[in-house]
Amino acid sequence: MFTKALASLGVGSAKVDTRLEKKQYQPGDVVRGEVMVRGGGASQVVDDIYMYLMIHYLKNDKKVSYVMEKFHLSESFEIEEGAYQIIPFQFSLPYQTPMSCGRFPIYLKTGLDIKLAKDPTDLDRIEIFPHATVEKVLGEIEQSGFLMYRVFNEYVPSSKSLPFIQVFQFRPAEQYHGYLDELNLFFDVTPHDVHMDVEITRGTRKLNTSFSWQLNADGTLTYTHSGQQDPVVSPVETIQSLLKA
1 MFTKALASLG VGSAKVDTRL EKKQYQPGDV VRGEVMVRGG GASQVVDDIY MYLMIHYLKN
61 DKKVSYVMEK FHLSESFEIE EGAYQIIPFQ FSLPYQTPMS CGRFPIYLKT GLDIKLAKDP
121 TDLDRIEIFP HATVEKVLGE IEQSGFLMYR VFNEYVPSSK SLPFIQVFQF RPAEQYHGYL
181 DELNLFFDVT PHDVHMDVEI TRGTRKLNTS FSWQLNADGT LTYTHSGQQD PVVSPVETIQ
241 SLLKA
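Heads up, the sequence shown is in the working numbering, so the first residue is 1 and it goes up one at a time.
Hints were generated in silico from the structure; no laboratory data involved. Mixed in with the good hints, there may be bad ones.
Claimed, not checked - Restraint ranges, calculated between C-beta atoms of paired labels, are given here:
id	residue 1	residue 2	range
1	F77	G145	35 to 41 Å
2	T201	D48	18 to 24 Å
3	K206	K160	29 to 35 Å
4	E80	S210	33 to 39 Å
5	F77	D197	43 to 49 Å
6	K15	F91	18 to 24 Å
7	V236	K15	39 to 45 Å
Unchecked claim - PhoX-like mimics (lysine-lysine), calculated; alpha carbons at most 25 Å apart, straight line:
id	residue 1	residue 2
8	K136	K23
9	K160	K15
10	K15	K62
11	K160	K115
12	K160	K59
13	K70	K15
14	K23	K70
15	K70	K115
16	K15	K109
17	K22	K160
18	K23	K109
19	K62	K115
20	K136	K109
21	K15	K63
22	K62	K136
23	K23	K115
24	K115	K59
Owing to the predicted nature of the structure, the values given are computational and were not obtained by experimental measurement. We put the CB at the ideal spot given by N, CA and C, even for glycine.
Taking the hints into account, I'd like the entire structure generated from these sequences.
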């Protein structure tokens with residue numbers, strides 16, 4: 001009886017450890033792994049095993065934690081004193097998952113839901129790289145004479161789906177000195193398309209344009225700019241024309 005009371009306080013309670021198949025992903029990738037539950041000093045009923053996709057963003061210059069997605073991994077079960085139970089799992093990352101970076105790491109937080117007890121948790125940091133199309137565009141922008149100097153997640157109260165947006169900030173290098181002060185890119189990725197908004201800052205003036213890529217079933221891309229299909233798959237030429245306008 002006393003051991004059950006201690007377990008309810010987290011002393012000698014069940015422990016959880018998550019083992020991931022890998023640590024690096026892109027949006028839409030399948031995450032596979034297993035959760036190992038080790039019984040404590042008394043038998044306990046685990047009502048649920050959950051996993052949170054934890055993101056951080058800036059709100060009023062303060063970093064805020066945000067649960068982007070919650071995944072249900074197991075039904076209720078009883079774990080006996082000192083016993084082990086392994087629960088395999090898999091789920092897909094949301095396509096809107098932002099890229100992870102220094103000040104904005106991404107974690108998978110695993111927890112056991114145990115009534116009348118302190119819930120055991122485990123935290124695993126993962127690396128998220130940009131979606132393949134986003135990665136391609138970012139590379140082309142850099143190769144065209146821009147230097148990426150900052151990536152951050154910023155609070156956006158008017159956003160329809162998420163409370164933040166990821167901002168890729170570039171500064172001009174080489175031939176673009178004098179044409180602009182800053183180039184900001186914002187991406188919205190879905191299973192079917194990639195949308196990019198561009199904001200160019202030149203003194204007190206801001207120029208805006210947008211692009212979309214339809215992700216075709218055969219793996220090819222259909223590029224559109226301002227609602228019109230275009231055989232060109234890179235936005236660099238349009239950005240260059242805006243800079244020289």
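For this session: Confirm or reject the claim that K206 and K160 have a C-beta distance inside 29 to 35 Å.
Result: Given a distance of about 22 Å, which is not inside 29 to 35 Å, the answer is violated.
For this session: Hint says 18 to 24 Å; check whether the CB-CB distance for K15 and F91 agrees.
Result: Holds, at about 22 Å.
For this session: Can you let me know if the beta-carbon spacing of T201 and D48 is within 18 to 24 Å?
Result: 47 Å, violated
Problem set entry | Straight-line alpha-carbon gap K23 to K115, limit 25 Å | With Cα atoms ~31 Å apart, K23 and K115 exceed 25 Å; violated.
Exercise. Should the hint that F77 and G145 are 35 to 41 Å apart at their CB atoms be regarded as holding?
Worked result: 58 Å, violated
For this session: With a cut-off of 25 Å on the C-alpha distance, tell me whether K115 and K59 pass.
Result: 34 Å, violated
Problem set entry | Verdict for E80, S210 (Cβ pair) under range 33 to 39 Å | 58 Å, violated
Exercise. Is the hinted pair K23 and K109 satisfied, with a Cα-Cα distance of at most 25 Å?
Worked result: Holds. K23 to K109 sits at ~14 Å (cutoff 25 Å).
Exercise. Within 25 Å, alpha carbon to alpha carbon, are K15 and K62?
Worked result: 32 Å, violated
Problem set entry | Restraint status (C-alpha distance of K70 to K115 at most 25 Å) | 19 Å, holds
Exercise. For the pair supplied as a hint, K160 and K15, is the alpha-carbon distance within the 25 Å limit?
Worked result: 38 Å, violated
Problem set entry | 25 Å Cα cutoff - pair K136, K109 | Violated, because 30 Å separates the two Cα atoms, which is more than 25 Å.
The structure shown violates the earlier hints numbered 1, 2, 3, 4, 7, 9, 10, 11, 17, 19, 20, 21, 22, 23, 24.
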